[in-house]
Structures are given as structure tokens and as C-alpha cells.
Amino acid sequence: MSDAITSETGLDAASRTASGHSLAILLARALFLVAFLALWQLAVAFGYADPAFVSSPEGVARALLALAGTGDLYANLITTLIEIVLSFLLSVTLGIASALILDRSDWLNRILSPFLTAFNSMPRIALGPLFILWFGIGIASKVVLATSIGYFIMLLSTLGGLKNVDRDLLLMSRLFGASELRLFRDIRLPWALPGIFAGLRLTLIYCSAGAVIGEMIAAQSGLGVLVEAFSGRFDVASVMALMLVIAFVVMTLTALMDLAERHLLRWSKGSTNVPG
Amino acid sequence: MVSAPLVADKAKGSAPVEIAVRDVAVNFGPRLRALSGVNLTIRACEFVALIGASGCGKTTLLNVMAGLVPIAAGSVNVCKTPPRAGRRDICYILARDALLPWRSVLGNVEYGLEVSGLAREERRQRALAYLDRVGLQDYRDFYPSRLSQGMRQRTSLARAFAVARSVYLMDEPFSALDSQTKLILHNQLLDLWESSGATVVFVTHDIGEAITLADRVVVLSRLGTGITDEIEIDLARPRSAEALQADPRYHDLYRRTWTSLRESMK
Ligand SMILES: Nc1ncnc2c1ncn2[C@@H]1O[C@H](COP(=O)(O)OP(=O)(O)O)[C@@H](O)[C@H]1O
Ligand SMILES: [Mg+2]
Chain A
1 MSDAITSETG LDAASRTASG HSLAILLARA LFLVAFLALW QLAVAFGYAD
51 PAFVSSPEGV ARALLALAGT GDLYANLITT LIEIVLSFLL SVTLGIASAL
101 ILDRSDWLNR ILSPFLTAFN SMPRIALGPL FILWFGIGIA SKVVLATSIG
151 YFIMLLSTLG GLKNVDRDLL LMSRLFGASE LRLFRDIRLP WALPGIFAGL
201 RLTLIYCSAG AVIGEMIAAQ SGLGVLVEAF SGRFDVASVM ALMLVIAFVV
251 MTLTALMDLA ERHLLRWSKG STNVPG
Chain B
1 MVSAPLVADK AKGSAPVEIA VRDVAVNFGP RLRALSGVNL TIRACEFVAL
51 IGASGCGKTT LLNVMAGLVP IAAGSVNVCK TPPRAGRRDI CYILARDALL
101 PWRSVLGNVE YGLEVSGLAR EERRQRALAY LDRVGLQDYR DFYPSRLSQG
151 MRQRTSLARA FAVARSVYLM DEPFSALDSQ TKLILHNQLL DLWESSGATV
201 VFVTHDIGEA ITLADRVVVL SRLGTGITDE IEIDLARPRS AEALQADPRY
251 HDLYRRTWTS LRESMK
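Chains as they are written, first to last, in our numbering: chain A, 1 to 276; chain B, 1 to 266.
In isolation and in its complexed conformation, chain A is listed as follows:
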């Protein structure tokens, strides 16, 4: 954009501030967080809430420090991270690949779609114990559980993204003489990209949930094991501290994806309809 003409740089600047965070928003966020924590702390301090049930910001902070201090956290965190990353990658590759095949083959789509819907309708979390029976208490069962959820999210969002491809674009490309491969690479894939990215974000969240819940059912290591142990002892503060850790992990991974998305989908940002 560096050598774009100056008469339209106004638009350029407008779209940039819209996508970036202004200082006011950041301040408001900080204010919201502080207000929430203060309310929580005060409610506990003045006896409106029982710390045995809801802990307190201070208690959660202490629990977090204690967890970080023991070194217990890291080994378990690594296990969970490996499960999340593996199941995410599997969901994404298998989901996108299946979507491409189903999109191109109408009869296969018609044959398989009731089965896919049926399997997707099952609460996979409830299958957790079975997966552990089949795949053991190691990371394999958690990866399978998380993938069984993430795969469908990826499949459906990619399929949705591929669905309403602008026929004029396909026709234009075909009329210029494009091959099927080109139609896919130049038109279908970029068209589906917003849908794919929406799917990626959800898939990550559900893979994380699948991994942690799988660990809570039965595992040797992982954040879910810690959650389960602390819950058993009614250590509310530590459970909440672990939730914060998980949220932090997922948000960090999401931020990496956002970065990729911002780059790949920059064409769809700040669209304006200039008349005439």
C-alpha cells in the first residue's frame, strides 16, 4: 500500500484504526477487569460470598503462584499442549481434506451426510470413557477424543466456506482457460478461507476442551489431571488458577492464528463501497 495514491489514503487510515485497538478501548477493558476483581474481592471480604465456594482474586493469585512454584504445572502443561496441538493439526488436515472431497463429489456427500450428521450429533465427551478403554490412558485417547470433536467443526466450516462460491468468479476463471486445479487454488480455496479461519478458531477451543476433559476422565499427566485432583479436594482457588492457565494457552494460540488470518484475509478488511 505504500505507493497508493494520496487521495484515498483517508480511507486507508480509517480502515486501519477500525481494525486496531484504540487506547480508549484498552482503558475500558482494564477498568472492567479491575471492577470485576474488586467486586469479587469485596463480596468475599464483606461476607456476601463464601470463599470456600468462589475463592477470591487473592486466593486464585496465591494458588497460581504456588502452582508455578512447584514445577508440577510444567510437565502437565506440556502433556496437554502436545494433545491440543496434535488433535488440532489432525482435525484441520483431515477436516479440510474431507471437505474438499465431499464438496467435489456430490454422490459421496449424499451417501455419507446422514452418517456424519449422526456421529456429529453424539455428545463425544460422553464417549470419553470408551475412547480410554480403546486407546489407553496415555495421550492417544485424548487426541482421539479431541479430534472427534474438532474434525467435524473443521469439516463443516470448510464445507460451508466452499459452498456458495461466486459462480461468476468460477466462470470468469474457466473462460480464461483455467484448469480444475487452478479453479481450486485461485477461486475455491481463497473463497473458503474466511470460513476455514472461523473453523480454526472454534476447532482450537474444542480441541482444548476435549483434551482437558479427556484427562479428567483418566490420565497419567495433563492439566485435566490436576483439575480433577484439586476439584476432589474442593480446592476452588487452584481449579480457577488452572482455568486461567488453560485460557491463557488457548488465547495465545488463537492470537497466533489471528496474525495469520490478518495477513491472509487483509483483502476483506475495511471494505467500503465507493459509489459511482
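A few of these clues could be false.
Unchecked claim - Partial list, derived from the structure: chain A residues whose beta carbon lies under 7 Å from chain B: (1) D168; (2) L169; (3) M172; (4) R174; (5) L175; (6) F176; (7) G177; (8) A178; (9) P190; (10) W267.
If you are wondering where the hints come from, they were derived from the structure by calculation, not from laboratory data. Even for Gly, the Cβ is constructed at its ideal location relative to N, Cα and C.
Here the structure of chain A is known, so what remains is to put chain B with the ligands in place on it, guided by the hints.
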């Protein structure tokens, strides 16, 4: 690079036949007869405008010439061979601009060249030259969503003429534009075409547009049964869309075409 000779008007009458439509019929399903018994001959380097009532089969006829719609009877030849979608000597400009939203203006102009297999450096040079010709050199890095409708169509024109094909089929490319923007686009299209030496079939429902651009205006019957009238547009070239507005002969031709179009709707 962009230098083909301006085609002399007089030579066109004897130029070889580029598009030959013979007794063509097109059916959509068993009941709907879109076209029947249509004949049309277009010579090389000719600019022909097709006009006719809405739904009379203009788009269908153009699609037949592009090889997009199968014919039920008759024959169609473009450059002596039956048309086929994706042929490397035919370029079809759709009613909507069909710009790729994820490519910049330059990337879009390069697209046709890319599909045609030109090397990166060459297609960039060529695309830049054509962007220049439609006056969009300063917008090369803009995404289509940030362009006005007129600029989008100019990009589409540059993309089409950059591939330098011998036949151009256009289906109401300017119908969404206001009349001022149209005049600018007419001049740019005339400029691109005159230096290209291409044959153009241009569908429109705008009589003024047909007269401004074409060598010959062909009026199609409302029922899809072929040509009801042809009007030779013997206005001198190069033409200027604005100057023509003040030319009495332009208005004569307008009246003549308008009468003919009204007849065709009966
Ligand atoms: N794909 C199609 N399927 C069925 N009918 C069609 C199709 N395309 C066009 N038609 C019909 O053929 C006739 C001619 O259409 P068209 O060529 O689009 O007209 P025009 O471009 O002159 O307005 C119309 O009656 C239209 O409804
Ligand atoms: Mg039409």
C-alpha cells in the same frame, strides 16, 4: 508492446468471417425454446452490438458463441472452429466485473495472463501497461472492494484486453454504471479495441451505447427467432463518446435504431 494498427473501417466489408452463426436453435428443457433459426455473420475486427427486448436471448446467443450453452440445431463457428469454454482466442467479459476480491487491482489484471501461462515478469509489465491505459496506475495496490463500480469495470477491461485475444464477447458490461461514467468507459473500450484489432460482440440494452461503440447494430426479435434489423453505424473513427452527443448523425441513427427496436418488440 500495446501497438497494433488502427483498423481501417473500409477494409471490414471484405475481412474474413470470424463468427458464423447458422440456423442456431437453443432449448432450455423440452418446452422453452430460447433461440431458433438464428443467423449472424461477423467479420474479423468488426464491432457488433446486439440489442433486443429483455429475455429475447441476447445472453444466450453470446453464451453460444462462448461455447457455454449447447445448441440444439444449426452450427456455430468462431475462427472456423466450434466454440468451447476456455478457448485461448476468445475472451468473455461478464455483466458483473468478476474481480477476485483477494487480489489487488494489479493482481486482477495479471490474472488472465497468469492463466494464459505468461512468465511472472512479462505479465507484470503487460498488466502495468494496460492499467496505465485505463488510467488506474495509481490504484494498482487497491483491493476491488475499495474501488468504485466504474473503476472495477475498467480493471475488468484491462484484464480482458491484456490477454490480447481475437474475439471479445461482452454482456452488458456497463449496465450498472451512471451515464457519465459510461462515457468514460466507452472511450476507454474504444481505445483498447482500436489498438487490439479484435472482433467484438457487445450485448447492450442501451441504444446510445450501441451506436457509440459499434460498426453495426443488430436488433434481435423478441421471440428469439433471429435478426429483425441491422443498422450500419458509419460514424468516423476514432470516436469520442462526448463529441458524438452533439453529432446530428448520431441522433439520426439513434432514432432509426429506436424505431427498429420498437418494431422488434411487436
Ligand atoms: N439457464 C437457463 N435455463 C432456463 N432458461 C433460461 C436459461 N437461460 C436463459 N433462459 C431463458 O431464455 C430466454 C433468453 O434469456 P437471455 O438470453 O438471458 O435473455 P437476454 O439476455 O436477452 O435478456 C429467457 O426466456 C430466459 O428465461
Ligand atoms: Mg442478458
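Cross-check of the supplied hints:
At a threshold of 7 Å, the smallest CB-CB gap from A/D168 to chain B is about 4 Å, leaving the interface hint in force. The beta carbon of A/L169 is positioned within 7 Å of a beta carbon in chain B (closest approach about 6 Å), and the interface hint is therefore held. Restraint check, A/M172 versus chain B: the minimum CB separation of about 4 Å is within 7 Å; hint holds. For A/R174, the suggested interface contact is upheld, since its CB lies about 6 Å from the closest CB of chain B, less than 7 Å.
A distance limit of 7 Å between C-beta atoms decides the matter here; for A/L175 the minimum to chain B is near 5 Å, and the interface restraint holds. At its closest, the beta carbon of A/F176 sits 4 Å from a beta carbon of chain B; the interface hint therefore holds under the 7 Å criterion. For A/G177, the shortest C-beta to C-beta distance to chain B is roughly 4 Å, which falls under 7 Å, so the interface hint holds. A hinted interface residue such as A/A178 counts as satisfied when its beta carbon comes closer than 7 Å to some beta carbon of chain B; here the least separation is about 5 Å, so the hint holds.
Interface hint at A/P190: satisfied, since its Cβ lies 5 Å from the closest Cβ of chain B, which is below the 7 Å cut-off. The interface hint given for A/W267 holds, since its Cβ lies 4 Å from the closest Cβ of chain B, which is under the 7 Å cut-off.
Taken one by one, the earlier hints all hold for this structure without exception.
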